[in-house]
Structures are given as C-alpha cells and as structure tokens.
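*Asks:* Chains as they are written, first to last, in my numbering: chain A, 1 to 431; chain B, 1 to 431.
To be clear, the hints were calculated from the coordinates, so they are not data collected in a lab.
Honestly, I wouldn't trust all of these hints.
It does not matter which identical chain is meant; a pair holds if it fits inside one copy or across any two.
[Claimed, not checked] Straight-line alpha carbon distances no greater than 20 Å define the calculated DMTMM-like cross-link-like pairs of lysine to aspartate or glutamate that follow:
| # | residue 1 | residue 2 |
| --- | --- | --- |
| 1 | K148 | E4 |
| 2 | K367 | E383 |
| 3 | K179 | D117 |
| 4 | K72 | E60 |
| 5 | K149 | E4 |
| 6 | K32 | E60 |
| 7 | K93 | D53 |
| 8 | K148 | D9 |
| 9 | K327 | D364 |
| 10 | K148 | E253 |
| 11 | K72 | D232 |
There are 2 protein chains.
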Amino acid sequence: MKNETYIADISQHKDQVVTVSGWLYNRRSSGKVHFLLVRDGTGIIQAVVGKKDVDEETFEKCKELPQESSLKVTGLVHEDHRAPGGFELHVNKVEIVHIAQDYPITPKEHGTTFLMDHRHLWLRSSKQHAILRVRHAIIRAARDFFDKKGFTLVDAPIFTPAACEGTSTLFETDYFGSKAYLTQSGQLYMEAAAMAFGKVYCFGPTFRAEKSKTRRHLTEFWMIEPEMAYCDLDGNMDIAEEFIEYIVQRILEENKEELKRLERDTSKLEKVQRPFPRISYDEAAKMLKDAGLDFVYGDDFGAPDETYISDQFDRPVMVHRYPAEVKAFYMKPDPADSTKALCVDVLAPEGYGEIIGGGQREDDYDKLIEKIKEHDLPMEAFEWYLDVRRYGSVPHAGFGMGIERAVAWICGLKHIRETIPFPRTISRIQP
Amino acid sequence: MKNETYIADISQHKDQVVTVSGWLYNRRSSGKVHFLLVRDGTGIIQAVVGKKDVDEETFEKCKELPQESSLKVTGLVHEDHRAPGGFELHVNKVEIVHIAQDYPITPKEHGTTFLMDHRHLWLRSSKQHAILRVRHAIIRAARDFFDKKGFTLVDAPIFTPAACEGTSTLFETDYFGSKAYLTQSGQLYMEAAAMAFGKVYCFGPTFRAEKSKTRRHLTEFWMIEPEMAYCDLDGNMDIAEEFIEYIVQRILEENKEELKRLERDTSKLEKVQRPFPRISYDEAAKMLKDAGLDFVYGDDFGAPDETYISDQFDRPVMVHRYPAEVKAFYMKPDPADSTKALCVDVLAPEGYGEIIGGGQREDDYDKLIEKIKEHDLPMEAFEWYLDVRRYGSVPHAGFGMGIERAVAWICGLKHIRETIPFPRTISRIQP
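Model the full structure from these sequences, guided by the hints.
*Replies:* Here it is, written out as structure tokens:
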C-alpha cells in the first residue's frame, strides 16, 4: 500500500512512510548520500538517499539524474528543523519516471527574451511560481469580496459589435462576414446589468492593441469591474478602498511564504489600511507644480506625475474630479463644476501607478446624447446603452481594476510581464 | 436618518422604518391603495401606499407610474405571511427617481429575436434573473471546488500564435502585422502548467467560429479546464464525477428559490450523486445498436445518440475509450487496445449531451511526434508543447467543462442562449 501525499501536506505524515511524486529540483551528493531536492508543485522537500537504502543501480542513476527529471520517492517522513520546510524524507525507494534532457534554465543569469521564450518551463522556477500563486490568491480574494457583498457576477461579452471609441487600439476580427472587436472593458454592459441586479461585477480578459512598449502594458490583461446602481462617486470610493484593503490584507495573511520568496517589503503593504487619502485633481496638480515638475494643468497625469503624487503617501491615494475633457464621454460632470468629471483614479504606492479607474456615470438621457454627439460617436451603436437612461435611470457608479497591475504592486515587481502566466505584448504572442 | 436596506436583508428590519431603492416591477391599485411591487436586484417587495399615507401629488403619480420607473420607498417593514417573501412595506414616503418611457418588455409573449435584441433589459425579468444567479453560483462552486483541492489557477492566453488544428473554426485577428487566433481551449497550456504546479485549472472565455446554428452552440463560451500531473484516466474520471456532484449539490442547496422560479424538477438533480456509471465506447455503441438506432460503429456520437445513451441512466454517464481516430492527436492510446484513446466524455442526463470532455494525454515524446506528423500538423508550432515531454514527462490528464452547457442542464433550459448574459452566436453579436 503506497501512501501518496503532496509535499504541502507532509506535516500530517510525520514518522510515516509516504510516496511523493514530483521533479528533481536540485541535487547534492557526497559519495555515500544523495540529497535530492524534490518539488511537486505544492512544495519542495529534501529526499535523503543513502547508498545502503536503495539498490546500487538506483543509487548510481540518482547521481547522474538531470534537473527536472520526474521521479517518485518513497520514504519515512522525518522532522528536522534544519531542513527547508521542517521535514525531510529518508528514502528507501526511488522510481525514476522520466530522465529529462538537459534543462535549458540553469541557475546562471538568462536574458528576458530567453526566459520568455521558455515561459512554459520558467513557470517551474521558484520566483515565477510564487508570483502566480499570489495572482491566484488576489483573484480569489477579489471575487470573494464582491460575492460576500451580494454582487452578482455578470460576464461581459468579449466580442463587441461597434468600434465605439475609434479603432486604433482595438483588435478586430472577421465575424461571419461582418466585423467584431475584442472588448476593452465590460463597463457599458455592467451599467445595464446593474439595473437588473443592483450590484454586479464582471471579470475577464480585456484587450488593447496599444503600440506602447512599456513595462506597464500588455495587449491582453484581466480586469475586474464592479458597477452599482444607486451609488455616487463617494460611495464608489468607499467600495474601492475597502476592496483594495481587503485584497492586500488577505495576501499578507495567506501568502507569507510567497512574499518572503519574492523578498517583498511587507511593512509597506501592512500600511494599506483605510481610510486612503482622497485628493482632487486640482490638489494633485498643485502638488506637482509646487514640486517644480513639468506638468501642464488640464492634462492627464503621466507616469512620473503619478509616481510623484503616490510618493507623497504611505498608502494608495484616490485622485478624483479630473478635467472632464481628458475623461470618457460617459462620465458624469460634477454639479459643482461642470468642467470636472465625477471620476476617481486610485494610484498605488511605490510608483506602481493607476490600479483602479472609475467614477459616476452620466445618468441623464439628454445629457448623454449631447456627450455622444460632442465626441462624434455613432449614435446607433449606443441605442441599447441609452435604454439604461430611458427605463428607470438611477445614479450609478463603478470602477475597474487591472489584475496584472495589482499583482505587480503587491509582489513588488518591476515589469508587468511576469504577472500573467503567458504574457502577450506588442512583440510577443509565444509560447 | 434614512435606514437604507436591500430587499434581501429585509427580514433583519422587522418593524423598523427603512428605505428601499429600486424599480417598479408591477402595480395594482384600488381607489384608496396602491400595491407597488418594487424590485432592487436582490429581491421583490410589495409596497403598500395608502391614500392617507402620502401627499396627494405622490399618490396620483404612483397611479400612473410606468413599469421600470426608478423610485425610493420608505416605510415600515411589516411581517405578513401572505406577502411574497413574507414581508411588505407600509409606505409613508415615495421618491420617484426617474419616470420610465413605455417599457418594451410586457407580460405578453415576445419573439426570441425581440427579446435577444433587448437582452440588456430582458435581464431584469424574473426568469433571466434566476438563470444568471444560478450561473454565478455554478461558477463560484466550480472555482471553490478546485481551490479547496489545492489547484492553482493559471490563466491560459486568449491570443494564440498558430492555427494548430486548421483555421476553419478559428477567429483570426491582425496582431501588429502578424496573425493571432483566439483560443479554443487552454489545455496545452494547462499541461505545461501542471508540470510546474502539480494541479492547475484555467477558467475563461473560449471561441469557436462554428457555422453550426443549433441550440447547443455559442461562438463565445466559458470553460473551466483542470489538468493534473501524475494522473491517469481513472483518476481523471474520479475528479470529474466528484466535481459535477459538488456543483449540482451546492446549487440545490444555495439556489432553491431560483430553481423554483425556473420550475426545475429538482428530484432529477438530487440523483446526481457518485458513483456515476462508467461505460466504454464499445458498450455505448452496443446499446445504440441493440436499440436499433442508425449509428455507425467507429463514428463519434451525434446528439440523438448521446440523448439515447444518457436516457438509460438517472445520473451523468461517463463514456470512455472512444476510437482514437475520432479524437485529438494529444490523446494517449489505451495500452490494452491502441485503436482506442484514454478519453472520457461525460453526458448529462435528460438529453443535455456532453458537458465534460477530457482524458489522459500522450506523455511519450516519440509517440507524440509521430501523432503530430500523422495529423499533418506544423511541428514548429508544437516545439514548446513537446518540451513538456522533454523535461520530466509524467502521466497526466484533465478535462474541460463548458459553463453554459452546465447552466442549461442544471436550470433545465431548452436553449443555450439564455445561459450567458450577452450571447454571441453565428447570427448575433448585439447588444
């Protein structure tokens, strides 16, 4: 009877004989003992293979076994505080499943292109492994947050019929003879859905054919977009800050090991607690001016501006009421100053830039029509969207958070390309 | 001080004065009293507005208020077992937020095209509302299942570089001068990821440009695809049946009200308990032959065949070991009979057809190369995939479940188009 177990559960099998199925992560050998580091995707354990514990052939094979070969090791679970993970395996049987070819990723430095070309293997590395575990935990926390608050998940469509805001950053596909475009945001659909369910969110991939080649851009990225009926800008900011606090605190709680492996300074994340500072665009602009930065009032903030602003605070900062002109047509103008939009961007600390963008939507039918005309958009494409203002229009608001930017910030990564399993950029759709 | 509440939470406010913000769902009036049915996305409550309770103008307005107008009603929460939901609101204040135009969806019968053209409004209807709540619950249950079992979520890419299996059912897009295709399945990526994490799943939209215009086909649909290292066909079937049982039992538990509204015969769902019958393709073929059905041995099953087979059982049936020829190149042949593949399709009861397809993958490098050649596929496109067999290959298996088919079955729907918020078919990408 084999007692198969995952390394993550090894502590439940103290002093028992178990079998672990995995891959050879690393090896040290003396003449009489091999120390095999075995990983199984849930953890890493040191398997100690003494010359007397196994037959001679197996012992010889272990000596030569290449990295990433697959094997099953059976042995006694031995508690040892010196061992990584607190346990090691005193092996009495080794079954080699497959002898790997020379593994291309070695401890030496590799260039980014090389690693990205081998992304399917690079995922096995300790750091990438940790990042994607945190990504999973962030997604789980994000969903839990909205589920617990009674939001209904309403998946937005990926294929959209009209190029509402110009085709320059849209991916286009032939759709049985007509044209379809890949979604850039589910927001308009969420507005309609919020009128049916009160509180909704969508979560899926979104697409931008942006020619930007920066460390912050992907062509394919995941967004979570809540939308709430009977909600204004203030209510929206309340939810946004609660949401971010929840995610960060859960990751701190659940992913200690991963954050340690990523050498993340968690003291900075611990400060991410409500209330977050809320400043207006005007106040932010003044900060930039006072600091002597080269910023033109009325423009949107650039990356250096965002970094400067966020550096003034120890937690995310919410910048609200941007000039209506730099924001989308559906933003509701501030009744107190119609040149401003009731919008908010949340800037992450440590120079990670905007992680959330949102605001209150124009809920007045006539004003929305005016805006669509002003922006020279095709009215016909918005007929269904106008219905939301024809049949029981209510104040409503929402926001979108890009998952990859949140992962980059929480993991403390320089480049967004490591935050998604198989990144797609202007120069990469492989593997 | 207003005491705002959602209708779903109304029982916590018995004998208190609360405000509910919502939309007018229906209305009955006598000369002295209006019975307003108000919905807020979380539920429906009857608001009783007596002539003496509000000012004359408001009372008159309520008389004419069109369906789906938005309003806030304030009043005393009164327990009444005759009222739907067990509570009604004795109103002392009505604030009309927006008077709706004539609502296009009325209680009379509408054609499907009309309803689908108004999908953004149709979502507000009781039945559609119930379906999408069940959809959300199914997705939540599916994720919970794998999360609890220690699977890591690894999002597969949507943009894929090569048209591996012919371009006829692929959506294509220009990708900065080269071509990209929208994913049909994340499986190949999951196989690589399983070698890094042991157990993984992806969950996202997938795309098929199928010209089929049937009640089972969408061009855009969501799939959950688990993949496990060190797993064979039997282990795969174990997980698949546990997964389906878990989802169905959770929906029965959590969505009683929705299933009732959908008039679902839940006694049929209650029978969905392990173990599920497991029959081979050969056994299934014999069943069809014995029944005198027009089925050619060696072919894949058609919809009527699947219906006949599933009708022989009171729970999902797992059909394994199809002829290798009708299955994909990556399927591992059965060592006992190499003309058969180690695959499994799970057929839902009540004629809902295949909801899961999966199997054990070819893990031998040389045999996989042979298969790629046999199927005339471009070897270069599979170099990265072959790496999974170069570096520590292990037996592995997995499956995919289409969310929409599961929703159709569990909700008891005739047509798949109602199982997704904004369906996309060969003839529809609107709204």
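*Asks:* Now tell me, hint by hint, if it's right for this structure.
*Replies:* Hint check results:
1. K148 / E4: Result: close only across copies, 18 Å inter versus 36 Å intra.
2. K367 / E383: Within one copy only: 14 Å inside a chain, 56 Å across chains, cut-off 20 Å.
3. K179 / D117: between (32 Å within a copy, 18 Å between copies)
4. K72 / E60: Within. Shortest intra-copy distance 16 Å satisfies the 20 Å Cα cut-off; inter-copy 79 Å does not.
5. K149 / E4: between (39 Å within a copy, 15 Å between copies)
6. K32 / E60: Intra 11 Å, inter 95 Å, cutoff 20 Å: intra-copy only.
7. K93 / D53: within (8 Å within a copy, 83 Å between copies)
8. K148 / D9: between (29 Å within a copy, 13 Å between copies)
9. K327 / D364: within (17 Å within a copy, 55 Å between copies)
10. K148 / E253: For K148 and E253, the Cα distance is within 20 Å both inside one copy (18 Å) and across copies (17 Å).
11. K72 / D232: Classified as between: cross-chain Cα gap 15 Å, same-chain 58 Å, threshold 20 Å.
Checked against the numbered hints above, the structure violates none of them.
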